[in-house]
Amino acid sequence: MQLGTVLMNTRVESPIISPTTPQVKQVRILATPWLLVILAFLHGLLYAIVVPPWQHYDEPTHFEYARLIALWGRRPAVGETDLETNREIANSMYRFKFWQLGVYPDLLSTTSPHIGYDEKVHPPLYYAVVALPISMMRFLPIEHQLYAGRFITVLFYVLMVLCAWRIATIMAPTNPLLQMSIPLLLLLIPALTNQMSAINNDALVNFSITVLFLSCLYFIRDGLKPIPLCLAVLSIVVAVMAKRTAVVGIIPLILALFWSFYRRPIRWWVWLLGITFLGIFLSVSILEYRDSLWHLQPWIIALDQQYLRLSLDTLIARQPTLEQLVSVYPGVIDVLLTSFWGRFGWGHVVITPFWDWVVRLFTIATIVGLVMGMRFRLYTDLQMWQRRVLWLSGVFVVLAWFAVLVRFDIQQSFYVPQGRYMHLAVLPTILLMGIGLQGFVPKLWRAKVLFALVCSFVLLDIAAITSIILYYYI
Amino acid sequence: MIRSIYLQSRPVISSAWFLLQRYSLKLVGFIRRHPPSVGLLFWSGCLLVLACSAFPYNVSGSAPTQRNIMYGRLTSEHQYSQTFQMEAGTLTGIRVLLFPPANPSDDLVTLRLGYDTKALPEIAVVSLPQSALNPHGMTIFAIEPFSVTTPESLITSTLRFDIVAPTLPTNQWISVVAGPDTYAGGQLFVDNESKPKYDLAFQPIYRATWLDRWIPLSRIAQGKPGFLGQPSVYAIALYSCLFFVGLALRRLWQVLH
Numbered sequence: 187m188q189l190g191t192v193l194m195n196t197r198v199e200s201p202i203i204s205p206t207t208p209q210v211k212q213v214r215i216l217a218t219p220w221l222l223v224i225l226a227f228l229h230g231l232l233y234a235i236v237v238p239p240w241q242h243y244d245e246p247t248h249f250e251y252a253r254l255i256a257l258w259g260r261r262p263a264v265g266e267t268d269l270e271t272n273r274e275i276a277n278s279m280y281r282f283k284f285w286q287l288g289v290y291p292d293l294l295s296t297t298s299p300h301i302g303y304d305e306k307v308h309p310p311l312y313y314a315v316v317a318l319p320i321s322m323m324r325f326l327p328i329e330h331q332l333y334a335g336r337f338i339t340v341l342f343y344v345l346m347v348l349c350a351w352r353i354a355t356i357m358a359p360t361n362p363l364l365q366m367s368i369p370l371l372l373l374l375i376p377a378l379t380n381q382m383s384a385i386n387n388d389a390l391v392n393f394s395i396t397v398l399f400l401s402c403l404y405f406i407r408d409g410l411k412p413i414p415l416c417l418a419v420l421s422i423v424v425a426v427m428a429k430r431t432a433v434v435g436i437i438p439l440i441l442a443l444f445w446s447f448y449r450r451p452i453r454w455w456v457w458l459l460g461i462t463f464l465g466i467f468l469s470v471s472i473l474e475y476r477d478s479l480w481h482l483q484p485w486i487i488a489l490d491q492q493y494l495r496l497s498l499d500t501l502i503a504r505q506p507t508l509e510q511l512v513s514v515y516p517g518v519i520d521v522l523l524t525s526f527w528g529r530f531g532w533g534h535v536v537i538t539p540f541w542d543w544v545v546r547l548f549t550i551a552t553i554v555g556l557v558m559g560m561r562f563r564l565y566t567d568l569q570m571w572q573r574r575v576l577w578l579s580g581v582f583v584v585l586a587w588f589a590v591l592v593r594f595d596i597q598q599s600f601y602v603p604q605g606r607y608m609h610l611a612v613l614p615t616i617l618l619m620g621i622g623l624q625g626f627v628p629k630l631w632r633a634k635v636l637f638a639l640v641c642s643f644v645l646l647d648i649a650a651i652t653s654i655i656l657y658y659y660i
Numbered sequence: 179m180i181r182s183i184y185l186q187s188r189p190v191i192s193s194a195w196f197l198l199q200r201y202s203l204k205l206v207g208f209i210r211r212h213p214p215s216v217g218l219l220f221w222s223g224c225l226l227v228l229a230c231s232a233f234p235y236n237v238s239g240s241a242p243t244q245r246n247i248m249y250g251r252l253t254s255e256h257q258y259s260q261t262f263q264m265e266a267g268t269l270t271g272i273r274v275l276l277f278p279p280a281n282p283s284d285d286l287v288t289l290r291l292g293y294d295t296k297a298l299p300e301i302a303v304v305s306l307p308q309s310a311l312n313p314h315g316m317t318i319f320a321i322e323p324f325s326v327t328t329p330e331s332l333i334t335s336t337l338r339f340d341i342v343a344p345t346l347p348t349n350q351w352i353s354v355v356a357g358p359d360t361y362a363g364g365q366l367f368v369d370n371e372s373k374p375k376y377d378l379a380f381q382p383i384y385r386a387t388w389l390d391r392w393i394p395l396s397r398i399a400q401g402k403p404g405f406l407g408q409p410s411v412y413a414i415a416l417y418s419c420l421f422f423v424g425l426a427l428r429r430l431w432q433v434l435h
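Residue numbers (our numbering), protein chains in the order written: chain A, 187 to 660; chain B, 179 to 435.
Quick caveat, the hints were computed from the structure, so don't treat them as lab data.
The structure displayed is predicted, hence computed values, not measured ones.
Honestly, I wouldn't trust all of these hints.
Short, incomplete list of chain A residues facing chain B, as computed with Cβ under 8 Å [said to hold, decoys possible]:
| no. | residue |
| --- | --- |
| 1 | L221 |
| 2 | H229 |
| 3 | E329 |
| 4 | I655 |
Label pairs and their in silico Cβ distance ranges [unchecked claim]:
| no. | chain 1 | residue 1 | chain 2 | residue 2 | range |
| --- | --- | --- | --- | --- | --- |
| 5 | A | L547 | B | I247 | 54 to 64 Å |
| 6 | A | L547 | B | S215 | 32 to 42 Å |
| 7 | B | C224 | A | M558 | 42 to 52 Å |
| 8 | B | S215 | A | D567 | 39 to 49 Å |
| 9 | B | R210 | A | W532 | 50 to 60 Å |
| 10 | B | S335 | A | S321 | 36 to 46 Å |
The C-beta atom is built at its ideal place from N, Cα and C for all residues, glycine as well.
Full structure from sequences and hints, please.
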């Protein structure tokens, strides 16, 4: 039995979920998204209320940004602060034991108390959305406003899970097991839920990129249609207006558009030639050779300074040696991997090492399973558009990893980026994991492995909640 | 005595056993034929969780484990004090082992609770007449519920209580019980003189709910704004989440088979 056959399992094969009347069948199909929506809402809400105020990455300054928009009705400039707002936030941080015992913010100073890294460098879209409930609650205590902001982010999380369900139903139209497993796996990732229940602009980016992936899927399956095109344009615009990291979504979008036009098989050597020519073209348009060195073109430097803020010129000049790469990057990759699944708070609340090993093993098994699937031609009975969606998922994941690894400065390795930046490719990752692990096990276990994966994610989630409660409240 | 209780309750036990034998299979059969709906299970579970998390009761915090020394006499001239570490939660009182004289009067015994720093104001002052002291066990000095989330408490989490009886006649005293130093979080003071080898026989009393034994719901709710300050909210959120995860797993299991 090919893997594709497992993907295409018919609903009729299972007596429990094969109702006798069409009406009952319709109800059962509709019941699943409602169950997922309720579960996602409760799950997000649980994380939002259990984690103490201000205990997410840069949450005080993310909230400050949104609150200033709510108060002033305009975008605050970088470095611009409101003394009263900062005092209120610092006071609340003090009351909720944000700082160590004996550390007091100077609330009477004429300058604003320091509450963290200034987030006003980011585009304002997400903060403008969060500012809506904050402006309605501006006369209430600041914690009320914070929880209102978190609630908005939880709504993005719920919509993201709904998108995941839709993607799974499109990808495996006759396999209810995969249709349920993919969104369940997504909503049970503890680090993602933690991020999607806090005030931060990554939440909107994650949601928008998931919508973008959905529209790419429509492009690849049905060709270029107006509604998916509008969805794609809207999602990429929203994502780019929320955070610069969203630009990685442009490349998969271009690829999906190309596949929507060209819907015939392409030989591997044509791909190789195309990628080579594209690489040469991009190198020529981005780089220039002068004074015996490679430099960036002025337009890319301007883009980097105004929007990307990646210090690409430093990146080009860095040129690490192979020894440096080998000595540093495995550790960085491990940090990214473990923090992708189970790091909370400001990255300082960790899950037990057992679960770190479990997610490492799952990742390795997924990669091996995908390679085995390709080697033993397990995906040959999939339709061409389904195989292309899997390739697109791979491109998404590789780009997300690349974009994060580029941010790591090997010369000044005091800051290691966290896995939360890769959550924008979380759905492609889960899709590949669901498919990859099926390729890793014998034929008879392929359906069971998905169920086992969901069960282990439930345990991972319980372990995560326990870790958070133990850290903050015991 | 146990035998007499058994003999008296024997008819009830045998009747219950008879009924169980006769109707248990029928009951199981009925439940199998008419399984309770998911909604009924969910809402009844919610009610149960609410009942276990909404009604607080008093629970003893960390305290000395031995109280076997008749340490001294509390007179109008003496003062016995004890320091202790405030735990997360709401302090509602302090139990102290004091034995009143044979003919107790209405003179007051006062417990003053404050921080272990003189610079800060007292937290609570409770006075009880001598006659209110329990001659057979610990006496509770109940205070207004006090929580650690107030900013002042962050300065120090070490509290101290003093027991004084300034109006006691000179020929009367109250016996004070202590024990060896089995409590690491504080020590005994007599007239402000440290006695590091002893601890007063006391127990801090905190307010907790039944579910707090397993999950620190009261601590999670502490200081949170609005309805988030209620422990039941977290209990119900946790329960609902687990219930729907179970429901999703059940659905997945059905699909698998």
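Verification of the supplied hints:
Using the Cβ-Cβ criterion of 8 Å, the hint placing L221 of chain A at the interface with chain B is satisfied: the shortest such distance is roughly 6 Å. Checking H229 of chain A against chain B: minimum C-beta separation of about 6 Å stays under 8 Å; hint holds. At a threshold of 8 Å, the smallest CB-CB gap from E329 of chain A to chain B is about 4 Å, leaving the interface hint in force. Checking I655 of chain A against chain B: minimum C-beta separation of about 7 Å stays under 8 Å; hint holds.
Checked against the hint of 54 to 64 Å, the pair L547 of chain A and I247 of chain B passes, with Cβ atoms roughly 58 Å apart. Between L547 of chain A and S215 of chain B the Cβ separation comes to about 40 Å, which falls inside the hinted range of 32 to 42 Å. Remark: the range hint 42 to 52 Å for C224 of chain B to M558 of chain A is upheld by a beta-carbon distance near 46 Å. Look at S215 of chain B against D567 of chain A: about 41 Å separates their beta carbons, and that is inside 39 to 49 Å.
Distance hint check: the CB atoms of R210 of chain B and W532 of chain A are about 51 Å apart, consistent with the given range 50 to 60 Å. Between S335 of chain B and S321 of chain A, the C-beta spacing of about 38 Å keeps the proposed range 36 to 46 Å intact.
Violated hints for the displayed structure: none, as all numbered hints are satisfied.
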